[in-house]
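**Q** So the protein sequences, as listed, match chains S and F. Take the position in the first sequence, starting the count at 1, then add 346; the result is the number in this note's numbering. Take the position in the second sequence, starting the count at 1, then add 346; the result is the number in this note's numbering.
Warning: the hint list may mix true and false statements.
In silico SDA-like cross-links for lysine to any residue, where the CA-CA straight-line distance does not exceed 20 Å [as the list claims (entries may be wrong)]: (1) Lys-399/S to Asp-375/F; (2) Lys-475/S to Trp-516/F; (3) Lys-399/F to Glu-430/F; (4) Lys-399/S to Arg-374/F.
If you want the footprint, here are the derived chain F segments under chain S, 3+ residues with CB under 8 Å [said to hold, decoys possible]: (5) 381–391; (6) 528–539.
Derived from the structure by calculation, the hints contain no laboratory data. Just so you know, these numbers come straight off a predicted model, no measurement behind them. Idealized CB from N, CA, C, for every residue including glycine.
2 protein chains.
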Amino acid sequence: MIKRKKTDERRKQIAAAAGALFAERGVRDTTVRDIGDRVGLLSGSLYHHFKTKTDIVHGIMGGYGEDLVARYERAALPGGTSIEKLRRLFHACFEANLEHPDEEAILIRELDNLFREPEFSYVHETLSKIEEIFVNVIEEGIRRREIRANIDPRFVYRMMMDVMGTVPRWYDPRTHHEAEIVDHWIETFFQGIGAPIDV
Amino acid sequence: MIKRKKTDERRKQIAAAAGALFAERGVRDTTVRDIGDRVGLLSGSLYHHFKTKTDIVHGIMGGYGEDLVARYERAALPGGTSIEKLRRLFHACFEANLEHPDEEAILIRELDNLFREPEFSYVHETLSKIEEIFVNVIEEGIRRREIRANIDPRFVYRMMMDVMGTVPRWYDPRTHHEAEIVDHWIETFFQGIGAPIDV
DNA sequence: GTCTATATTGAGATAGAC
DNA sequence: GTCTATCTCAATATAGAC
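With the hints as constraints, model all of the structure from the sequences given.
**A** Have a look at this one:
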């Protein structure tokens with residue numbers, strides 16, 4: 347058992363190094379030699395810890411979906427207006443990006459590439475669950491008259507996710523302040539960019 | 347000269363077939379054999395028309411930047427409020443997506459991949475020009491008090507482009523009506539999704 | 001658990017016949 | 001201008017010694 351733990355350490359180390367490379371250049375453009383170099387192993391030695399290169403990707407993304415869904419579910423829990431709920435959903439997205447930047451970057455990068463493979467269908471299932479959480483909150487907001495009725499909830503969901511999907515590309519905690527950005531964002535989404543009618 | 351024209355026909359045919367594949371699966375995951383199959387040639391024969399595979403990508407994207415910038419410049423020409431200008435910019439984006447769906451899809455797909463190569467720096471230069479067009483319109487709108495002053499123009503530009511960048515992924519002219527979507531979008535951007543204060 | 005060495009495959013590209 | 005045939009190289013993966 348103690349031995350097993352040590353093995354897992356190595357696995358995690360490899361997965362972390364590979365994750366950084368996958369996020370940066372994509373899975374296809376990262377070779378097993380690149381990964382080996384990062385952890386100080388010959389590429390062949392990686393195969394003692396993972397069956398295939400794709401297996402490393404599963405090792406990285408495998409458990410992350412549940413973590414993500416849990417975050418969004420928690421954010422959508424009863425409490426406050428629909429607008430406050432959406433704000434919490436935005437925050438949840440940012441926190442996920444801050445705490446798991448590689449996973450988030452890989453998620454976006456590979457959606458239309460590697461994750462089209464049937465063996466990665468669980469990724470799309472996760473995204474569907476998250477979409478339902480968002481749509482439910484938006485629809486509830488419309489019923490409560492806190493959100494305009496003449497919008498398409500799935501359309502707004504897509505707008506939000508499209509924007510959030512690019513967060514890993516430009517978000518840098520050293521130059522941006524999370525709270526500021528989320529507020530800016532929420533304001534833009536809720537008030538729009540148009541000037542108030544009664545100036 | 348007549349001969350030259352025929353050669354160009356073949357080039358265009360190859361570029362078109364390759365473009366569809368690049369847009370669908372990405373450049374990296376499209377082989378020269380795939381391209382050859384599409385046009386009924388052996389892969390080796392492609393090299394009579396293009397020096398390299400990457401050269402086909404240049405053939406596709408090479409002239410498109412100027413077309414794009416011209417579209418956006420036309421949309422930003424004086425006339426109407428800043429809001430009307432932005433609406434025209436949105437339309438320009440949609441039209442580009444309708445008329446050149448492959449080029450637009452490739453543009454987005456390869457931005458963080460192939461187009462990082464120095465030989466594709468012209469792609470980023472094109473995007474910078476487009477960003478300036480947007481930012482100028484937004485800043486003008488703020489000066490004219492048609493757009494809220496407490497927003498960051500580059501931030502709003504990024505929001506818009508992020509959303510537009512995903513258009514090729516889901517836009518289908520058979521199920522969506524362009525005008526409707528643009529209106530929906532513009533309204534969401536300008537009015538926000540929040541309910542009017544005075545219901 | 002890691003290394004040496006190598007098998008295997010797939011992709012881009014080329015030479016020369018037709 | 002296209003085909004046949006092939007080269008070359010890079011990448012995943014494996015076998016067996018240490």
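**Q** Taking the hints in turn, state whether each one holds.
**A** How the hints compare with the structure:
1. Lys-399/S to Asp-375/F: Answer holds: Lys-399/S to Asp-375/F is near 17 Å, not above 20 Å.
2. Lys-475/S to Trp-516/F: With a Cα-Cα distance of about 19 Å, the restraint between Lys-475/S and Trp-516/F holds, given a limit of 20 Å.
3. Lys-399/F to Glu-430/F: violated (42 Å)
4. Lys-399/S to Arg-374/F: Between Lys-399/S and Arg-374/F the Cα gap is close to 17 Å, so the pair holds against 20 Å.
5. 381–391: Check failed, 0 qualifying residues.
6. 528–539: holds (count 9)
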